[in-house]
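Protein sequences, first through last, are from chains B and R. My numbering puts the first residue of the first sequence at 903, with every later residue one more than the last. My numbering puts the first residue of the second sequence at 903, with every later residue one more than the last.
Among the clues, some could well be false.
[Unchecked claim] Heads up, simulated DSSO-like pairs for lysine-lysine below, C-alpha to C-alpha not over 27 Å straight-line:
| id | chain 1 | residue 1 | chain 2 | residue 2 |
| --- | --- | --- | --- | --- |
| 1 | R | 1110 | R | 1122 |
| 2 | B | 1053 | B | 1130 |
| 3 | R | 1110 | R | 1060 |
| 4 | R | 1110 | B | 1058 |
| 5 | B | 1060 | R | 1122 |
| 6 | B | 1058 | R | 1060 |
| 7 | R | 1060 | B | 1060 |
If you're looking for bench data, these hints aren't it; they were derived computationally from the structure.
Protein chains: 2
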Amino acid sequence: MELNTALYLIPVNISNAPLNDTLPPGNLEILRGLHHLIVENVRTARRFLKRCDPGFDISAVNFYELNRHTDLAAVGEYLEPLRNGEPMGVMSEAGCPAVADPGALPVSIAQREGLRVIPLVGPSSILMALMASGFNGQGFAFNGYLPIDGKERERKLKELETASRRSDMTQIFIETPYRNNRMLKVMADTLQPSTRICVACDITDPEKESIITLPASKWKGRKYDYDKRPAIFLIYAGNKSNG
Amino acid sequence: MELNTALYLIPVNISNAPLNDTLPPGNLEILRGLHHLIVENVRTARRFLKRCDPGFDISAVNFYELNRHTDLAAVGEYLEPLRNGEPMGVMSEAGCPAVADPGALPVSIAQREGLRVIPLVGPSSILMALMASGFNGQGFAFNGYLPIDGKERERKLKELETASRRSDMTQIFIETPYRNNRMLKVMADTLQPSTRICVACDITDPEKESIITLPASKWKGRKYDYDKRPAIFLIYAGNKSNG
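Make a model of the complete structure from these sequences and hints.
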């Protein structure tokens, strides 16, 4: 397949679902043409390529590691092959690169230098959680992680609830998986009883996926166990007809 | 294929790209098992199904139209087959249902009644534009359409720019396609020269896709023609390392 001289943004599966259920076949054709991949972790990147195609010629791929240990000043040099006319790829550990991961930096550098960037289709737990929440999809905000400190966290939750009511927006955030249960308890205790909370967990997993929307009042006292499972939290206090 | 008793959210292509390049093959397997589809427009929905598979047995599908002409009170009745144990689907005109389209209403009703909702993977111009913009993907907001009135629009643009700088968030919005050029001119004239603007146009289209990030100062006087083309506008005034 003839690739463009571009930085391809390559999504990775987010569950054990068959790859055919969450990734377009065209992505693999593009991967086969890339000999330079910027990845968060070389070992897991190799595993993904092998899962895409057990016969994948990994020896032909040059990996460039980009994670919190990377000297950000070096990332600009990673793009040298692209500057010389060779297509490159950016892969994240899971989901879509450059969304809630370090991948945005090489993309930003490519854009600054007028190098072409081509995003590919794949699973995004943030977007899929929004779709399935039933909340307003015509206005929404992703806030990353909330403060860990108890008081600050409660203030932030109330702030997001007010913003959701005032601007009729869905507010989305994430938590470190081993703290999911604690987060949900704080949400149920802190938010207005009528404010709706959606917890989207193990998205795309054929067995474990669970996407449940309930008012805060109903989450209180309800039994759940989201700890150590990948989850997205959404709150909506707006009054759209779908709200 | 054995489907779950659930409301499946089925993305639709957003360009003329081969379906294999933007949709997982698993989606078609699920579509084949659905005999009840909530769609925005029956004619275009039939066309999409025929494009997925020229032999698709459309006569076996019951369509339920959901658009601005629909009596919203009737949408609850649409879900009767699901309540009776039959899987159903929600399809949008383009992209991911329930994001910037009416699909969120049946999803909201299903969630309220404890009916299972399963989102499928597909192209989202909002998310793909964010990925390729190089802007902050760890904090972002989608604002739908901005006010049409000149003064209000300028105020809203400045408001989004300030919010982007203060909370380090990428601000995303859309415009009616025939007004894209005017919108970009107003943005370049209204925003700070250093504020970066990304215009993502014809996403996933093999020939026409264009995703360009430049500071407002460089958009000024630059030649472009985005009118009557599907485009997403993003602005970033934050100072993340990728910014």
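Here is what the structure says about each hint:
1. R:1110 - R:1122: holds, 22 Å
2. B:1053 - B:1130: Holds, at about 24 Å.
3. R:1110 - R:1060: Roughly 30 Å separates the two Cα atoms, so the pair is violated.
4. R:1110 - B:1058: Judged against 27 Å, a Cα distance of about 42 Å means the pair is violated.
5. B:1060 - R:1122: This hinted pair is violated, its Cα atoms lying about 40 Å apart.
6. B:1058 - R:1060: Holds, because 24 Å separates the two Cα atoms, which is no more than 27 Å.
7. R:1060 - B:1060: Holds. Residue 1060 (chain R) to residue 1060 (chain B) sits at ~25 Å (cutoff 27 Å).
Comparing the model with each numbered hint stated earlier shows that hints 3, 4, 5 do not hold.
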